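Based on these hints, arrange chain B on the given structure of chain A.
Sequence lines, in order, name chains A and B. First residue of the first sequence? That's 2 in our numbering, and the numbers climb one at a time after it. First residue of the second sequence? That's 1355 in our numbering, and the numbers climb one at a time after it.
If you're looking for bench data, these hints aren't it; they were derived computationally from the structure. Owing to the predicted nature of the structure, the values given are computational and were not obtained by experimental measurement. None of the hints are false.
Over the 12 Å line for every Cβ pair with chain A, so calculated as not near, a few chain B residues: (1) K1451; (2) H1469; (3) L1478; (4) E1497; (5) N1506.
In the DSS-like style, the derived pairs of lysine-lysine whose C-alpha atoms are separated by at most 27 Å in a straight line are: (6) B:K1429 x A:K81; (7) A:K81 x A:K47; (8) B:K1470 x B:K1546; (9) A:K71 x B:K1546; (10) B:K1524 x A:K47; (11) A:K69 x B:K1429; (12) A:K41 x A:K69; (13) B:K1429 x A:K47.
So these bits of chain B aren't anywhere near chain A, every CB distance computed over 12 Å: (14) Y1381; (15) L1387; (16) F1391; (17) I1392; (18) N1402; (19) N1409; (20) K1412; (21) F1413; (22) I1415; (23) E1419; (24) T1438; (25) H1455; (26) E1479; (27) N1491; (28) R1505.
Backbone N, C-alpha and C define an ideal beta-carbon position, used for all residues, glycine too.
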Amino acid sequence: MNKKLIIMFVLFLAAGFNQQVIAGELQSLRGSVDTDKNSKAPELKKYSKDGEPIARDYVQQPPLIPHKIKGYRVNKNANKCLSCHSWKNYRESGATKISQTHFEDREKHVLANISARRYFCTQCHVPQVVSPPLVKNNFKPVAAITGE
Amino acid sequence: MNEKKSNCNDKFICRIWQLLKKPSVKYSLGALLVVGFISGILFWGAFNTAMEMTNTEKFCISCHEMEDTVYQEYKETIHYSNRTGVRATCPDCHVPKEWHHKVVRKIQATNELWHKALGSIDTLEKFEAKRLTLAKNVWRAMETTDSRECRNCHNFEFMDFAEQGRRAVKAHSEGLTSGSTCIDCHKGIAHKLPDMREVDSSAVVGDK
Chain A
2 MNKKLIIMFV
12 LFLAAGFNQQ
22 VIAGELQSLR
32 GSVDTDKNSK
42 APELKKYSKD
52 GEPIARDYVQ
62 QPPLIPHKIK
72 GYRVNKNANK
82 CLSCHSWKNY
92 RESGATKISQ
102 THFEDREKHV
112 LANISARRYF
122 CTQCHVPQVV
132 SPPLVKNNFK
142 PVAAITGE
Chain B
1355 MNEKKSNCND
1365 KFICRIWQLL
1375 KKPSVKYSLG
1385 ALLVVGFISG
1395 ILFWGAFNTA
1405 MEMTNTEKFC
1415 ISCHEMEDTV
1425 YQEYKETIHY
1435 SNRTGVRATC
1445 PDCHVPKEWH
1455 HKVVRKIQAT
1465 NELWHKALGS
1475 IDTLEKFEAK
1485 RLTLAKNVWR
1495 AMETTDSREC
1505 RNCHNFEFMD
1515 FAEQGRRAVK
1525 AHSEGLTSGS
1535 TCIDCHKGIA
1545 HKLPDMREVD
1555 SSAVVGDK
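Okay, chain A solo, but in the shape it has when bound:
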């Protein structure tokens, strides 16, 4: 009987403690907000409409997209990016052509057209917004690329 009471008492305490933890403030990198309240939505960032190609920061970095890609669909039927960046179209459009590595399958066999594993551009290539970094950091581009 005593044992049971003690167990119940401990459980009761534990439940109370748990609730306190839930109601307490949660510390996250993006600021702290009570979990029962909605956090303020961050301001929408605008993608730059168009610009010159952006230099790479490190070796093997997938080049960044220096323009807006809103509404550009990439699916089984068509790839909007390739309508400018494909080997057939890059001269006329003045776009950077896709790398030769994009024609290889995973056994390194070279195909006649873009490989399915390299078809979904935004898996690696992303457009940019002008925005301060979320976390303070000391990142510096590789000197071998920037020459600094």
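What follows is chain B alone, placed relative to chain A:
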């Protein structure tokens, strides 16, 4: 005259025809003119009103073939929702503004009624199977009219290249000199593209 009339004594259509052929003896020319003039206006107005009614988005998407497919796709695009709140609805792009082009298009559209009755694209699968054919029809029409419906709003001469991005400036200034038409580059801006393999195989995945 009387003999002829007796020839078709109780056939209704025949009697009406005889009545129409007979010169008026009862009404003055003036009265007939006024009545004819007014009923002409009414008929013309009714005709145009009915045609305008078929020129609304509401009418277009009253068929599920339109509402479930191309309309849903269009709702995600800039012609439906944009920063200035100007919207181009179905007829703005798909029906000419000038009267005689419009009537020609409306007569062509009777073919669409026929296919509605046949159920040619009454499921999503059937629609997807025909998407390339249907898209090509629209592209061909726009190529032959030099993208006339686009140019109701967009005009090369009115474009301020200084406001455009560098990609747009290049493409538009080259397009202007080479005589390209809008649809040459701007395919799939309001609806999803069909399989583009035969249009540009370099922009589709696959080893063909």
